[in-house]
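> Here is how the chains run, residue by residue.
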Amino acid sequence: MIVQAICFYIFSAIAVASGVMVIAARNPVHSVLFLILAFFNAAGLFVLMGAEFLAMILVIVYVGAVAVLFLFVVMMLDIDFAQLRSGAVRYLPIGATVGIILAVELVLMFAAWVFAPEVGQALAAPMPGAHVTNTAALGDLLYTKYVYAFQAAGIILLIAMIGAIVLTLRHKPDVRRQKIGVQVSRRRTETIALVKVKAREGIGEEEGVR
Amino acid sequence: MPIAPLPNLLAALPEIFLAVAAMALLILGVFQGEARAAKEVSWLSVVVLVVAIFMVGAQNGVRHVTLAGMFITDGYSIFAKILVLIGSAFSLILSIRYNERENISRFEFPVLVLLSTTGMLMMISANDLLALYLGLELQSLALYIVASFDRDSARSSEAGLKYFVLGALASGMMLFGISMIYGFAGSTGFDTLAAHLGGQATPSAGLVVGIVFLIVGMAFKISAVPFHMWTPDVYEGAPTPVTAFFSVAPKIAAMALFVRVMVGPFHTLLFEWRQVIWAIAVASMILGALAAINQRNIKRLMAYSSIGHMGYALIGLAAGNAIGVRGVLIYLAIYLFMNVGTFAVILSMRRGGKMVEGIEDLAGLSRTQPAMALALGIFMFSLAGIPPMAGFFAKLYVFMAAIDSGLNVLAVIGVVTSVVSAYYYVRIVKLMYFDEPAAGGAFDRHIGVEVNAVLMVASIIIMFFFLYPAPVVAGAEAASAALFPG
Amino acid sequence: MSDFWSGYFWPTVITILEILLVVIVIAVAMAYLTYFERKVLALMQRRKGPNVIGPFGLWQPWADALKLATKETIIPSGANATIFLMAPMLLFMLSLVAWAVIPFGEGLVLADINVGILYLFAISSLGVYGIIMAGWASNSKYAFLGGLRSAAQMVSYEVSIGFVLVTVLLCVGSLNLSQIVLAQQHVWFFIPLFPMFIVFFISGLAETNRAPFDLPEGESELVAGFFVEYSSMSFALFYLGEYVNMILMSAMTSILFLGGWLPPFGITPAHAPYGTIWFILKISFVLFAFLWVRATFPRFRYDQLMRLGWKVFLPASLFWLVLTAGVLVWAGWLPARV
Numbered sequence: 001m002i003v004q005a006i007c008f009y010i011f012s013a014i015a016v017a018s019g020v021m022v023i024a025a026r027n028p029v030h031s032v033l034f035l036i037l038a039f040f041n042a043a044g045l046f047v048l049m050g051a052e053f054l055a056m057i058l059v060i061v062y063v064g065a066v067a068v069l070f071l072f073v074v075m076m077l078d079i080d081f082a083q084l085r086s087g088a089v090r091y092l093p094i095g096a097t098v099g100i101i102l103a104v105e106l107v108l109m110f111a112a113w114v115f116a117p118e119v120g121q122a123l124a125a126p127m128p129g130a131h132v133t134n135t136a137a138l139g140d141l142l143y144t145k146y147v148y149a150f151q152a153a154g155i156i157l158l159i160a161m162i163g164a165i166v167l168t169l170r171h172k173p174d175v176r177r178q179k180i181g182v183q184v185s186r187r188r189t190e191t192i193a194l195v196k197v198k199a200r201e202g203i204g205e206e207e208g209v210r
Numbered sequence: 001m002p003i004a005p006l007p008n009l010l011a012a013l014p015e016i017f018l019a020v021a022a023m024a025l026l027i028l029g030v031f032q033g034e035a036r037a038a039k040e041v042s043w044l045s046v047v048v049l050v051v052a053i054f055m056v057g058a059q060n061g062v063r064h065v066t067l068a069g070m071f072i073t074d075g076y077s078i079f080a081k082i083l084v085l086i087g088s089a090f091s092l093i094l095s096i097r098y099n100e101r102e103n104i105s106r107f108e109f110p111v112l113v114l115l116s117t118t119g120m121l122m123m124i125s126a127n128d129l130l131a132l133y134l135g136l137e138l139q140s141l142a143l144y145i146v147a148s149f150d151r152d153s154a155r156s157s158e159a160g161l162k163y164f165v166l167g168a169l170a171s172g173m174m175l176f177g178i179s180m181i182y183g184f185a186g187s188t189g190f191d192t193l194a195a196h197l198g199g200q201a202t203p204s205a206g207l208v209v210g211i212v213f214l215i216v217g218m219a220f221k222i223s224a225v226p227f228h229m230w231t232p233d234v235y236e237g238a239p240t241p242v243t244a245f246f247s248v249a250p251k252i253a254a255m256a257l258f259v260r261v262m263v264g265p266f267h268t269l270l271f272e273w274r275q276v277i278w279a280i281a282v283a284s285m286i287l288g289a290l291a292a293i294n295q296r297n298i299k300r301l302m303a304y305s306s307i308g309h310m311g312y313a314l315i316g317l318a319a320g321n322a323i324g325v326r327g328v329l330i331y332l333a334i335y336l337f338m339n340v341g342t343f344a345v346i347l348s349m350r351r352g353g354k355m356v357e358g359i360e361d362l363a364g365l366s367r368t369q370p371a372m373a374l375a376l377g378i379f380m381f382s383l384a385g386i387p388p389m390a391g392f393f394a395k396l397y398v399f400m401a402a403i404d405s406g407l408n409v410l411a412v413i414g415v416v417t418s419v420v421s422a423y424y425y426v427r428i429v430k431l432m433y434f435d436e437p438a439a440g441g442a443f444d445r446h447i448g449v450e451v452n453a454v455l456m457v458a459s460i461i462i463m464f465f466f467l468y469p470a471p472v473v474a475g476a477e478a479a480s481a482a483l484f485p486g
Numbered sequence: 001m002s003d004f005w006s007g008y009f010w011p012t013v014i015t016i017l018e019i020l021l022v023v024i025v026i027a028v029a030m031a032y033l034t035y036f037e038r039k040v041l042a043l044m045q046r047r048k049g050p051n052v053i054g055p056f057g058l059w060q061p062w063a064d065a066l067k068l069a070t071k072e073t074i075i076p077s078g079a080n081a082t083i084f085l086m087a088p089m090l091l092f093m094l095s096l097v098a099w100a101v102i103p104f105g106e107g108l109v110l111a112d113i114n115v116g117i118l119y120l121f122a123i124s125s126l127g128v129y130g131i132i133m134a135g136w137a138s139n140s141k142y143a144f145l146g147g148l149r150s151a152a153q154m155v156s157y158e159v160s161i162g163f164v165l166v167t168v169l170l171c172v173g174s175l176n177l178s179q180i181v182l183a184q185q186h187v188w189f190f191i192p193l194f195p196m197f198i199v200f201f202i203s204g205l206a207e208t209n210r211a212p213f214d215l216p217e218g219e220s221e222l223v224a225g226f227f228v229e230y231s232s233m234s235f236a237l238f239y240l241g242e243y244v245n246m247i248l249m250s251a252m253t254s255i256l257f258l259g260g261w262l263p264p265f266g267i268t269p270a271h272a273p274y275g276t277i278w279f280i281l282k283i284s285f286v287l288f289a290f291l292w293v294r295a296t297f298p299r300f301r302y303d304q305l306m307r308l309g310w311k312v313f314l315p316a317s318l319f320w321l322v323l324t325a326g327v328l329v330w331a332g333w334l335p336a337r338v
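Taken in order, these protein sequences are the chains called A, B and C.
Heads up, the first sequence is in my numbering, so the first residue is 1 and it goes up one at a time.
Heads up, the second sequence is in my numbering, so the first residue is 1 and it goes up one at a time.
Heads up, the third sequence is in my numbering, so the first residue is 1 and it goes up one at a time.
Isolated chain A, as found in the complex:
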């Protein structure tokens, strides 16, 4: 157990610290890299809880795909952090007010945290037995009980894709596109003309290069 505890504290401490660094780092690229570190440690915490499938998906989706694109964009941007900070100071009072209100609400809620008496029975998904891996358990739920939500989420993502294309794709009329079929099906006779050239006469006009 002691090993797990040590791991837990290492992972969570690094996660929190890198979370802080995300907003504290001066360089936006460093911020993104710290964000990635935070994701990674969160994945470690998932592993400690025995949710290995979620851990791997977190790494694959967030670290492997989303954050790469994020980093990609941030690297290309020329962000002046001093300028951003000046804005932050101006909006600090209002931001702080909203934050404090939310914090107070959370505290109030946790103080008055009373579950409805029937919560135990109402819990939607009872834990599967130990013999079922959590990958299988997730699949069992996702494709039966939550199939509707799963499909709806799929359509939402489809809309996001259509939207990105609709709002940004512009067809440029004068771009030359490679037509691989044409390229590959070209015959030797269509492109090469073998000409016997007599010495001192050169290529005749009619056979010349068109």
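Mixed in with the good hints there might be a few duds.
[Claimed, not checked] Computed spacing ranges between beta-carbons, pair by pair: (1) C:Asp-112 x B:Pro-226: 54 to 60 Å; (2) C:Ser-77 x A:Tyr-9: 48 to 54 Å; (3) C:Ile-198 x A:Phe-150: 27 to 33 Å; (4) A:Leu-141 x C:Thr-82: 41 to 47 Å.
[Stated by the list, open to error] Over the 12 Å line for every Cβ pair with chain B, so calculated as not near, a few chain A residues: (5) Phe-11; (6) Val-16; (7) Gly-50; (8) Leu-54; (9) Leu-69; (10) Val-74; (11) Asp-78; (12) Thr-97; (13) Leu-141; (14) Gly-154; (15) His-171; (16) Asp-174; (17) Ile-180; (18) Arg-186.
The hints are simulated quantities; they were obtained by calculation from the structure and are not laboratory data.
Quantities reported herein were computed from a predicted structural model and do not represent experimental measurements.
Glycine included, every Cβ here is placed at the ideal spot set by N, Cα and C.
Given chain A, work out where chains B and C should sit, using these hints.
Okay, now just chains B and C, sitting in the frame of chain A:
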């Protein structure tokens, strides 16, 4: 390995049909190429919507719960879905010619409208907070995109961005509320929630806070005060057919969902949420009446008008009983036709091939285009709630419901704000009939057969509703009875 | 106290020794992969290749290593030193970490985890960070362009790799690598899933930035791409990482499609050491194919690369995924739950 049995998909047939048809049309559009496909896909989408109306109509009013309890169809959902589908179909018809003229004709537009409509139907049929949220997001995401569909126009892009940012905020609030409800009640299913909350003496504070956040999210979607800030800008900036769409289908769907959530799982907490709805309704009615007075742009005016109308519809919800729900549904049905008709006129306001949106541009319309002036006059009187137009009956039913449940103050405020708002509606009629024609001359003549047809249908329905109100009233009656089986 | 020794101390020591063993074997394999590559390329081009140092030039890799180790590490001015030095280490470490789940034979695996294939996928998707960080931190336009190219390339091809993995998983019913191998006892997956095998192999080339997809390095356009500013051991680490990744990709190909440690037609028993030998042979074969491709094909242009990834492989792998699932359900061949 055994395969899980299929859930009963028949109940969700219209939604599945719409989603699949949208994808098929998307493929068709992609393979046909940009220029040719837009018009074809648009008309096919209208056909799809009409087919979906028949599919919904073919469902009997029996309550079906399927897809692991997340999806419900009953008499209520049938009525609301038909309204939404009619609204979407009309908006699509209005959009075709406009998009071509404005050079924003692309086949993705009808596809997005179809997907958005799918989301609306899913909202109406939601029987679980998760399904509610997903339907809402499906609808909203497509709406954000169509709002900025005229992507080369700064106004349209601004409208889309504003709508997106504020919409995301509202979704966040709603999710927060949903998570609170889940935390304190232990379930997201409407049936389970209703069963558990029914047995409780006093609800926990966390649950009430969760419901309030849920109401905030819903109020944003129907643009009720104080969550209306986006409405005028988005209405003004978005392309006009999109505005027409925004003002009917999503409003009806969100309102229908609002009613279902409030009187379904949280019916036992009527006392807690009624005060919130009461305040929102009053604020919306007052703002809708006062803020519209100074507007010069007709689309902005319609934005404030729709805020006010949502306030009236909320009166029915505040009543919280079958009569109130019936009032809301009748209101939505009539509101649908009034708004579609008005926007058909606004879409025809073109001078020299360009859109004009000023209210002054309508001056003297009775002399240049008497038929259009007559139609717009009917819609304005109806929006103002002057008998014998349909709008009067809409208000009558919700006020009756309010008085029936002892919400006399609400009814009185409603009547007073209707009188105030009549000022700006009637002013348009005055402009059209008693002022000299506007400087630019008459509007362009050729407004299109399909726009004329929509205009005609809408004005006939609004004008002669009082002669034969039975189908709408009876339908609404049956629909509201489905929510109150007891 | 005896509990501590038997419960914690000795298992830890044994695990560390096992890890060391694997790392050393891989390092040696990697060293001789460079030799192998130069020899194979030379023979394909009718040259002799390294043949001066040692018998048949066999000491060549060690001479190279010694040379790189004794050079000076140069950090370019304006470079972000921390990230600049971290990038090669990250790349190399990731390429070694992945080996934890590779089964070298039945039961011969460091960590036999449930989600082994996802772990491999996750680790290989992390490799892009080493490259993109190196490109950015070098403060050089060639390096930066190389880094960006590689990020786009790896993300694009990961998508189709993901679908290939899902297709294989459908046939196995488990994410565990040993289970995947054992599921191929009757037929190796490259026969029923031949198109997926091809997609996986080519995507593997792109994923490891090997020719003909070595645009991130692109020495004729970008000098040497993302590691143009590196020298000495930091350069060597990139090199090591790249070659270990190649071996890893070959190991993955063998496990997913070529039956891992299983002998063909059962001509020998599958247990150690035969299984491991078969596994090594298969890896060597795939590695040879990697080099063969390098000797044969010219480099892809960037737009061709993207077209191949998104317009050919993605739809093709999606189609095969759906087809495979359909066939499995229709014929009732869905694997039993493990």
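> Is the Cβ of Val-74 (chain A) more than 12 Å away from each Cβ in chain B?
holds, 21 Å
> Is it correct that the beta-carbon of Gly-154 (chain A) has no partner in chain B closer than or equal to 12 Å?
violated, 10 Å
> Beyond 12 Å from every Cβ of chain B: is that where the Cβ of Leu-141 (chain A) lies?
violated, 10 Å
> Is the claim that Thr-97 (chain A) lies outside the interface with chain B correct, judged by CB distances over 12 Å?
Given that every Cβ of chain B is farther than 12 Å from that of Thr-97 (chain A), nearest at about 16 Å, it holds.
> Verify the CB-CB distance for Leu-141 (chain A) and Thr-82 (chain C) against the hinted window 41 to 47 Å.
Since the Cβ atoms of Leu-141 (chain A) and Thr-82 (chain C) sit about 43 Å apart, the hinted range of 41 to 47 Å holds.
> Is the hinted range of 27 to 33 Å satisfied by the C-beta distance from Ile-198 (chain C) to Phe-150 (chain A)?
holds, 31 Å
> Beyond 12 Å from every chain B Cβ: check whether that's true for Leu-54 (chain A).
holds, 18 Å
> With d taken as the least Cβ-Cβ distance between Gly-50 (chain A) and chain B, does d exceed 12 Å?
Gly-50 (chain A) clear of chain B: closest Cβ-Cβ about 23 Å, beyond 12 Å.
> Please test the hint of 48 to 54 Å on the beta carbon pair from Ser-77 (chain C) and Tyr-9 (chain A).
violated, 40 Å
> Beyond 12 Å from every Cβ of chain B: is that where the Cβ of Val-16 (chain A) lies?
holds, 22 Å
> Is Leu-69 (chain A) truly not at the interface, in the sense that its beta carbon sits beyond 12 Å from all beta carbons of chain B?
holds, 19 Å
> Do Asp-112 (chain C) and Pro-226 (chain B) keep their Cβ atoms within the hinted range of 54 to 60 Å?
holds, 59 Å
In this structure, the hints that do not hold are numbers 2, 13, 14 and 15, in rising order.
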